[in-house]
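Just need the whole structure built from these sequences, with the hints factored in.
Chains as they are written, first to last, in the working numbering: chain Y, 4 to 119; chain P, 2 to 115.
Watch out, some of these pointers could steer you wrong.
DSSO-like cross-link-like pairs, simulated, lysine-lysine; straight-line CA separation at most 27 Å [claimed, not checked]:
#1 Y:LYS106 <-> P:LYS15
#2 Y:LYS81 <-> P:LYS42
#3 P:LYS56 <-> P:LYS67
#4 Y:LYS76 <-> P:LYS42
#5 P:LYS65 <-> Y:LYS106
#6 Y:LYS106 <-> Y:LYS58
#7 Y:LYS106 <-> P:LYS67
A few chain Y residues facing chain P, derived, Cβ under 10 Å [to be verified]:
#8 SER33
#9 TYR36
#10 MET48
#11 ILE49
#12 THR63
#13 LYS76
#14 ALA90
#15 MET92
#16 PHE94
#17 LYS106
#18 THR108
No lab work stands behind these hints, which were simulated from the structure alone.
All residues carry an ideal CB built from backbone N, CA and C; glycine is no exception.
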Amino acid sequence: AQTVTQSQPEMSVQEAETVTLSCTYDTSESDYYLFWYKQPPSRQMILVIRQEAYKQQNATENRFSVNFQKAAKSFSLKISDSQLGDAAMYFCAYRSGYGTASKLTFGTGTRLQVTL
Amino acid sequence: GAVVSQHPSRVICKSGTSVKIECRSLDFQATTMFWYRQFPKQSLMLMATSNEGSKATYEQGVEKDKFLINHASLTLSTLTVTSAHPEDSSFYICSARGGVDTQYFGPGTRLTVL
Chain Y
4 AQTVTQSQPE MSVQEAETVT LSCTYDTSES DYYLFWYKQP PSRQMILVIR
54 QEAYKQQNAT ENRFSVNFQK AAKSFSLKIS DSQLGDAAMY FCAYRSGYGT
104 ASKLTFGTGT RLQVTL
Chain P
2 GAVVSQHPSR VICKSGTSVK IECRSLDFQA TTMFWYRQFP KQSLMLMATS
52 NEGSKATYEQ GVEKDKFLIN HASLTLSTLT VTSAHPEDSS FYICSARGGV
102 DTQYFGPGTR LTVL
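And the structure:
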């Protein structure tokens, strides 16, 4: 079974600075997807960024980028120019590429605080 | 991204009653829908997966007779908590996916059973 590990329960960053959230996963599959979801205090889960395992290029979405290291099974999220609105719980997630009903496996989350 | 709605956002009910939560994909057809439960300060726990027109597949430890899931159409899934008890109080989140594409989440329903 696949597992996702987020080793940082809490992180803090100053506004306008850069922060990196860590995520590692364990799988024997070669075809899969990786995601970062954000859950603000409203508790609405919001997709931040996704990465297909077959793509070598790291995904980027505006201020958010990932460092995908397939051999090391690492998938970290970098938030640049942090804003107060980035404060939230961040979940890393894995999904198998096999089957339309394949499930998301979530990490335990990292709570990000953004300070002035 | 795609929009998933969930209704109601909050519900309070008496012990022993049943509660229905609706989940709709508003701008795409959801071949697969997922129901999660989230306890405070914890990650999402998958309860069941449903495909349109098929019976739901429940995760281990989830009582299928207590948590009834119906995926009647490509845009609607419902979760009914039957004979609710205080221990069923939680935050329930639905999620929808079309094909092999990304999964989108509803805003969640806070259930309080008195």
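Now the hints, each set against the structure:
1. The suggested pairing of LYS106 (chain Y) with LYS15 (chain P) is violated, with an alpha-carbon distance near 33 Å, which exceeds 27 Å.
2. Pair hint LYS81 (chain Y) plus LYS42 (chain P) holds up; C-alpha atoms about 23 Å apart against a cutoff of 27 Å.
3. For the proposed pair LYS56 (chain P) and LYS67 (chain P), the alpha carbon gap of about 15 Å is at most 27 Å, so the pair holds.
4. Between the alpha carbons of LYS76 (chain Y) and LYS42 (chain P) the distance comes to roughly 26 Å, so the proposed pair stays at or under 27 Å and holds.
5. Restraint check for LYS65 (chain P) and LYS106 (chain Y): satisfied, since their Cα atoms lie roughly 18 Å apart, inside the 27 Å limit.
6. Restraint check for LYS106 (chain Y) and LYS58 (chain Y): satisfied, since their Cα atoms lie roughly 21 Å apart, inside the 27 Å limit.
7. For the given pair, LYS106 (chain Y) sits about 22 Å from LYS67 (chain P) by alpha-carbon distance, which is consistent with the 27 Å threshold.
8. Checking SER33 (chain Y) against chain P by beta carbon gives a least distance of about 15 Å; that is not within 10 Å, so the hint is violated.
9. The beta carbon of TYR36 (chain Y) is positioned within 10 Å of a beta carbon in chain P (closest approach about 8 Å), and the interface hint is therefore held.
10. For MET48 (chain Y), the shortest C-beta to C-beta distance to chain P is roughly 4 Å, which falls under 10 Å, so the interface hint holds.
11. Restraint check, ILE49 (chain Y) versus chain P: the minimum CB separation of about 8 Å is within 10 Å; hint holds.
12. Interface hint at THR63 (chain Y): violated, since its Cβ lies 16 Å from the closest Cβ of chain P, which is beyond the 10 Å cut-off.
13. At its closest, the beta carbon of LYS76 (chain Y) sits 19 Å from a beta carbon of chain P; the interface hint therefore is violated under the 10 Å criterion.
14. Taken as an interface hint, ALA90 (chain Y) does not check out: its beta carbon lies about 15 Å from the nearest beta carbon of chain P, beyond 10 Å.
15. A cut of 10 Å between beta carbons decides the hint on MET92 (chain Y): the least distance to chain P is about 8 Å, and the hint holds.
16. With a cut of 10 Å, the hint placing PHE94 (chain Y) at the interface with chain P holds, because the nearest CB-to-CB distance is about 6 Å.
17. Evaluation of the LYS106 (chain Y) hint against chain P yields a held restraint, the C-beta minimum of about 6 Å falling below 10 Å.
18. At its closest, the beta carbon of THR108 (chain Y) sits 9 Å from a beta carbon of chain P; the interface hint therefore holds under the 10 Å criterion.
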